[in-house]
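Start from chain X and add chain V according to the hints.
Listed below, chain by chain, are the residues.
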Amino acid sequence: MTRASLFTKTLVLIVVLFGIIACATSILSGWNLYRNLTQEYQSKGVAIAKSIADSSVELLLNADVSTIQSVVDQFTEIKGVSYVIVFDGQGEAISHTFVPTVPGDVLELQRQTRTHSFNGGALTNNLRVEGMGDFLDISYPILAGVAGYVHVGMDRSLIRSRIWSAVADQQGLMFVIFLLSALAAYAFVKRISQPLEQLAAHAGKLATQDFSVPMTGPSDIDHLPKKSQDEVGKLAESFITMERALRQSVRELKETTAAKERIESELKIARDIQMSMVPKTFPPFPNRPEFDLYAILVPAREVGGDFYDFFFIDDNHLCFVIGDVSGKGIPAALFMAVTRTLFRTTASKVSEPDKILSLLNLEMCRDNDTCMFVTVFCAVLDIRTGEVEYSNGGHNLPYLVSHCAVAPLKNTGGMALGFTQDVTYRSENIVLRAGDELFLYTDGVTEAMDEGGNQFSEPRLAEFLHEANGSSATEIIHGAVDQVRRHSAGAPQSDDITALALKYLLTAGATTSETIVVELKNDLREIERLARIADDFGRRHRLNAETSHNVKVALDEILTNVISYAYADGGEHSIIIRFSLEQGRLIIAVEDDGRPFNPLNAPEPDTKQLLEERPLGGLGIHLVRKLIDELEYRRQNDRNILVMRLKVKEA
Amino acid sequence: MDIHEDRKDGFLVLGLEGRLDAVSSKMFEEKVLALVDGGERRIVIDLSRLDYVSSAGLRVFLVASKRFTAAGGKVVLCSLQEPVKQVFDIVGFYSIFSILNSKDEALNSLR
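Top to bottom, those sequences are chains X and V.
Just so we're aligned, residue 1 is where the first sequence starts under the working numbering, counting upward by one.
Just so we're aligned, residue 1 is where the second sequence starts under the working numbering, counting upward by one.
FYI, nobody ran anything at the bench for these hints, they're computed from the structure.
Please note: incorrect hints may appear among the correct ones.
Which stretches of chain V does chain X cover? Using the computed rule of at least three CB atoms under 8 angstroms from a CB of chain X, they are [what the hints assert, rightly or not]:
#, stretch
1, 19 to 26
2, 56 to 68
3, 83 to 93
Note that CB positions come from ideal geometry on N, CA and C, so glycine has one too.
Just chain X, with the same shape it has in the complex (with noise of 0.2 angstroms):
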């Protein structure tokens, strides 16, 4: 392709250079052929009829013409002469070569000349003659005319058959060499051509390669840089570095994917082996009333290094961790898995919290070249009262979550495990009432960071708890999560979230009798916090859910009516809500340290008025009256306290 290409294009180019250069020499040389043959032609012709005219002067005068038509006819022999005319000088021709008569275009000619002034010179005309053909025209004068005159034709179609054949011999020179040139052309050609066009083959057969195997023996185009030193040869080069360039790129790039692929698909399956360490079964114990128990681990890589657990030590015992390694990824993931482990060796080694801590810790030490630290929080729930015992490694203190109030765990002093055996890890102790939760949780949530590197902070996950107050373990633990996305939408995770959330339910056998009590400011926004708390202790006594729903309707409109109107300062109160469960009725006190206020004092409302007559208020303290069984209030202590007791229906 390339070639025939080529070599067209060259062949055109020749073909019209040659054209144009035939065309214009074969012109120009003829052209000068003609003039110079004219000139030659013209001055024979002038010479012999200055000859004859000469000659003829004396024959002319005595009037021999017989001896005039015999130099005529000498004059006939050279060459290109086609007639000689002799005229006397009355015009009549005395003698010619003309046979039979002369034609009367040299007649007419030669009436026209006559008064030609000559100058001692010749007359030159282009004379065609029917039937003869065309002629040079030379008449000469004799005695300037006064004897007669001399015309001699000298054959013009000999003139034109010598640059034909002049020009003839010039175009077969130049086909000649038209034809040597277009073989030079080819043999040219085709050398620049063909590396060209086994470069091109080599460059289709590469699209089909395959770059990463290496090259089997040279390469096809390996001779061609050496045999054209030429832009060709250039290129060829270029060919094959960019060839190897294009294999060595390929094979490290599938190096670097095979890799890469590994290293996910092991990451993956670390990532499996690391989930699995932790358990996931939710609610974890079925069997176990007296508390709820949820926890979540989303690590921020594929794998982390936060990690719970949570067991039973012996029947009544159970046993909750949280921990944080140092460091993120492989790591600390390694060495999570290897804290879990020990973890569990050694709290069936040891049963308090203090001792489980020191005893890892020793372990931790042991052989820790690579100086990575865990944070540990551990404790222990005895599940009959609800005491806790904990010991805290340096963790992030968990939050007590109360009806009263939200607050960290009282700190026990220890240090992150790993950094040195000379520390002693102390315990304390709480008692969990019914409803009271424990929130634990890894520095991930409370630093998780929104765009703008503002951390999500202890106060908002407090807030939280605050408000989440009531809900379920599932629930707290979603909702901070929750949270925690929220306040970081769209920022990238920078951390491992790990929380696991504790709700103590029932202190056993105390289903009959139980006291909680609620701590509200007055803000009317903390009357669905407590409606929550109240279907909550309404769950764990099984009470109906008509019981359920009339306790907190009464209780929002007493708070409702007491946050609206109780306080004239504008600034903040609490009021106090306790539950209680005696013999089959539920009391409920309300105590709030606003004006005096008694609520029962409010008329009745007729509910039977029309539309139009009915007033707008009144309603909240009817529904209360209706709902509740008992209701009785008191002014102690500078406090108003509202008492409500209505009989217990089982659900």
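Relative to the frame of chain X, chain V by itself:
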């Protein structure tokens, strides 16, 4: 609480979802007043997803009914849940409100 607005057969249907208490009733009252001021006359309030109502919420139903009636319009309530029904019953709302069992019935009653 969430308020959903929907137009059906040319009538506005307000769907209440969640708790209607002293906090959320303010929003509900503003919505109702804006509607009647905006020229709305006959509306259905769908309570099928209202779990809870307190007297603050009841007050807004009274306000709504009074304002719409005064403007020559009408408010129809429908699909009350059991706890809400009980509260409505105690305060005698069944005698002063049009309360129907389903949204379709409520819409039919407005035609």
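- Message: Count the residues of the stretch 56 to 68 of chain V whose Cβ falls closer than 8 angstroms to any Cβ of chain X, and tell me whether that reaches three.
- Response: Holds: 7 residues of the stretch 56 to 68 of chain V have a Cβ under 8 angstroms from chain X.
- Task: Go check the stretch 19 to 26 of chain V versus chain X for me, would you? Three or more residues, Cβ under 8 angstroms, otherwise it fails.
- Result: holds (count 4)
- Are there three or more residues in the stretch 83 to 93 of chain V whose C-beta lies within less than 8 angstroms of some C-beta in chain X? holds (count 6)
The structure shown violates none of the earlier numbered hints.
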